[in-house]
Amino acid sequence: MPATWIFLIVLALAAIGYVLGRSRALASAGGDSRHLHSLPSYYGANAALLALVPSLLVLVIWLFAQPLVIQNRVEHLVPETSYETEGELSLLMSDVRRIADGLDLAVERGALTEDEASDIRVEFTDIRERLGAVGVALGSDVQAPMLAAAKAWREMNASGNLIRTVVVLLVALAGFGLGLTRARKDFRARNSVEKVIKGLLIVAASLAILTTLGIVLSLLFNTIEFFRLYPALDFFFGTTWAPSFGGGSELGILPLLWGTLYISIIALAVAVPIGLFAAVYLSEYASPAVRSFAKPLIEVLAGIPTIVYGLFALLTVGPLLFQAFGPGTLGWMGGGRAVMTAGLVMGIMLIPFVSSLSDDIINAVPQAMRDGSLGLGATKSETVKQVVLPAALPGIVGAILLAASRAIGETMIVVLGAGAAARLSMNPFEAMTTVTAKIVSQLTGDADFASPEALVAFALGMTLFVITLGLNVFALWIVRKYREQYE
Amino acid sequence: MYDSPSLETKVTDKAIKIAAQNVQVFYGDTHAIKDVNVQIQDKTVTAFIGPSGCGKSTFLRCLNRMNDTIDICRVEGDILLDGEDIYDKRVDPVQLRAKVGMVFQKPNPFPKSIYDNIAYGPRIHGLAKSKADLDEIVEKSLRRGAIWDEVKDRLHAPGTGLSGGQQQRLCIARAVATEPEVLLMDEPCSALDPIATGQVEELIDELRDSYSVVIVTHSMQQAARVSQKTAFFHLGNLVEYGETSQIFTNPVDSRTESYITGRIG
Ligand SMILES: Nc1ncnc2c1ncn2[C@@H]1O[C@H](COP(=O)(O)OP(=O)(O)OP(=O)(O)O)[C@@H](O)[C@H]1O
Ligand SMILES: [Mg+2]
Numbered sequence: 001m002p003a004t005w006i007f008l009i010v011l012a013l014a015a016i017g018y019v020l021g022r023s024r025a026l027a028s029a030g031g032d033s034r035h036l037h038s039l040p041s042y043y044g045a046n047a048a049l050l051a052l053v054p055s056l057l058v059l060v061i062w063l064f065a066q067p068l069v070i071q072n073r074v075e076h077l078v079p080e081t082s083y084e085t086e087g088e089l090s091l092l093m094s095d096v097r098r099i100a101d102g103l104d105l106a107v108e109r110g111a112l113t114e115d116e117a118s119d120i121r122v123e124f125t126d127i128r129e130r131l132g133a134v135g136v137a138l139g140s141d142v143q144a145p146m147l148a149a150a151k152a153w154r155e156m157n158a159s160g161n162l163i164r165t166v167v168v169l170l171v172a173l174a175g176f177g178l179g180l181t182r183a184r185k186d187f188r189a190r191n192s193v194e195k196v197i198k199g200l201l202i203v204a205a206s207l208a209i210l211t212t213l214g215i216v217l218s219l220l221f222n223t224i225e226f227f228r229l230y231p232a233l234d235f236f237f238g239t240t241w242a243p244s245f246g247g248g249s250e251l252g253i254l255p256l257l258w259g260t261l262y263i264s265i266i267a268l269a270v271a272v273p274i275g276l277f278a279a280v281y282l283s284e285y286a287s288p289a290v291r292s293f294a295k296p297l298i299e300v301l302a303g304i305p306t307i308v309y310g311l312f313a314l315l316t317v318g319p320l321l322f323q324a325f326g327p328g329t330l331g332w333m334g335g336g337r338a339v340m341t342a343g344l345v346m347g348i349m350l351i352p353f354v355s356s357l358s359d360d361i362i363n364a365v366p367q368a369m370r371d372g373s374l375g376l377g378a379t380k381s382e383t384v385k386q387v388v389l390p391a392a393l394p395g396i397v398g399a400i401l402l403a404a405s406r407a408i409g410e411t412m413i414v415v416l417g418a419g420a421a422a423r424l425s426m427n428p429f430e431a432m433t434t435v436t437a438k439i440v441s442q443l444t445g446d447a448d449f450a451s452p453e454a455l456v457a458f459a460l461g462m463t464l465f466v467i468t469l470g471l472n473v474f475a476l477w478i479v480r481k482y483r484e485q486y487e
Numbered sequence: 001m002y003d004s005p006s007l008e009t010k011v012t013d014k015a016i017k018i019a020a021q022n023v024q025v026f027y028g029d030t031h032a033i034k035d036v037n038v039q040i041q042d043k044t045v046t047a048f049i050g051p052s053g054c055g056k057s058t059f060l061r062c063l064n065r066m067n068d069t070i071d072i073c074r075v076e077g078d079i080l081l082d083g084e085d086i087y088d089k090r091v092d093p094v095q096l097r098a099k100v101g102m103v104f105q106k107p108n109p110f111p112k113s114i115y116d117n118i119a120y121g122p123r124i125h126g127l128a129k130s131k132a133d134l135d136e137i138v139e140k141s142l143r144r145g146a147i148w149d150e151v152k153d154r155l156h157a158p159g160t161g162l163s164g165g166q167q168q169r170l171c172i173a174r175a176v177a178t179e180p181e182v183l184l185m186d187e188p189c190s191a192l193d194p195i196a197t198g199q200v201e202e203l204i205d206e207l208r209d210s211y212s213v214v215i216v217t218h219s220m221q222q223a224a225r226v227s228q229k230t231a232f233f234h235l236g237n238l239v240e241y242g243e244t245s246q247i248f249t250n251p252v253d254s255r256t257e258s259y260i261t262g263r264i265g
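Sequence lines, in order, name chains A and B. By the count of this note's numbering, the first sequence reaches residue 487 at its end, each step adding exactly one. By the count of this note's numbering, the second sequence reaches residue 265 at its end, each step adding exactly one.
Incorrect hints may have been included.
The calculated EDC-like cross-link candidates involving lysine to aspartate or glutamate, where the alpha carbons are at most 20 Å apart (straight line), are [what the hints assert, rightly or not]: (1) A/K295 to B/D71; (2) A/K151 to A/D119; (3) B/K140 to B/E202; (4) A/K380 to B/D92.
No lab work stands behind these hints, which were simulated from the structure alone.
Required output: the full structure, derived from the provided sequences and hints.
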């Protein structure tokens, strides 16, 4: 039975459990809900949760585990002579799965009978052609051992699915029964529901943490792999970035880091003053009418996809700057793509970010603070400068650092606005590139994933991750320091 | 309402500092102050009393245009300070508030050091020529606010770290530091113990020599102790205004009497 059906059956069971649990509990109290320990719906919810949660947990784990187990047991059917590395083996195994799935599909479509599918032989049938007819394209003709492996896969999969159905339904029924027997008037259903809910929340929180951990670990392992192939010192202190896929590349991160930093600084130099002033205007000076119209308008800017900003950089800002600073006039600029172009456009992208966050923070400063200052005869701008902004400072620093993280992580605007040349230069009108843009270009294309030229992407990602992490820690530190001083 | 002849003669003893004529205040559709006429004398302490929500704070805030900061608030009528209409277009509310200082009902120290809290006004208005000057102003103000002894060793600690009563005195000292001509105090002693209250009352008495002080209070004894004039508000109306001694011993309006003897409130 497919997993969807199992899921629906369990769901139906839970719904029945809810209704029955509820009425049973009521009946045990003689129909008067005041004699129950908890509200009747808690007894229903308890039965429903007991039927639902353990069985779905089993189902999910089974869905992940079954392919792994089968793969493990089928692997030895593939002759060792046909592959050399782990990578090739995994490619072969995915072929085996495709054949197995293809046979299943063929049976389902009626192109083969079940018997034909289990007796099929390479000698008598052109399997590639038969499967192609039902829409499963195979890269090469099917070899006998592969077919044997695929058949074994199908068998195990079928019996695995059967056991799965039985086990999951049994667990669900057991929970259902337990929930119903517990639906008596003295049972503390309310507390038990509370515990289950707490458990679910913990699971959600740990899933979030575990995935993050998983991502970081995979970054870390690949980074270590890279440093085995390429010396770390050359990576961190190399001043040339010249990957060549034939080998002998120079992979120094410094030009990329410099590009990232330079573009981010220009972007923040644009976004922070404008965003902050806009926020101060909106929260302190604007009339409610202006505010209710301008604030959403600025926030719309935040919803524009970055690729659109990239186009804006490529087609509008770049040519404009080229006209102003290009060979025709000052001659500083060699083309439309430059640090300046990307920085300016990225700054525009960050304005709503800074302004909208700062605006919320400034609004959170109590009115009594402003009254105190105005009551002493301070003007509005004096009040803003000396009372409101200092009080809002930790939040504003947080907003700025958040904007900085976004600037560092931005890719599209860089690719379209700043070019792809890794260069260490002070001239903001020259084309440069950033860490993120290079990660993309290292991983797109036919690179061999085991080569340093591809693995370097992970080292770059890891470096970026450490930098943004450092930025966040720094932001926290500033906020805490400020709190100690003023609270 | 307060047209007893004995009063009128005494009102003219001193110059009129603030004169309010037909003042109405609205919060949106709520009519919070209804047609109030009052004349506040120079070098006098005037007490505003009345049940909670009757509009004392609202009226007080009209006197230095703090109501401007509330969007929905609308003030009608004339309020004259030294004969000039403070709601006139040419009047700068900032200048006005430097002249008419205010201590708010809830203590609102800035998230700055105690020293910077006091020095805030003097710095803005350029009242100190030198650092030593400023130090002197700060010390004098803190002494007048009856809090100097408690904070003299931690002038650079944050003002928000003080207790509620200390914060209240800090705000009094902060208002005094700018040397206003009129000081509006909204329940300045609500969080103070009897000793600190006594010290603040002494300060008020001392300020009377040079300024005009308006104090909102819920304590009848305090009003009787520190003020020379008392105004009784009820549901947005100014019910009675006159010599404190007369209001407390021989009120004209029955509502005043009920309130003072504890039957309204
Ligand atoms: N910002 C505001 N917005 C709307 N209504 C307000 C506002 N401030 C005060 N009011 C209303 O105006 C009336 C008078 O309030 P006010 O604060 O002046 O009373 P009060 O006499 O100072 O009372 P208390 O002794 O409790 O401080 C009240 O009915 C109050 O609800
Ligand atoms: Mg009040």
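Evaluated hints:
1. A/K295 to B/D71: 18 Å, holds
2. A/K151 to A/D119: 9 Å, holds
3. B/K140 to B/E202: Holds, at about 15 Å.
4. A/K380 to B/D92: 12 Å, holds
Checked against the numbered hints above, the structure violates none of them.
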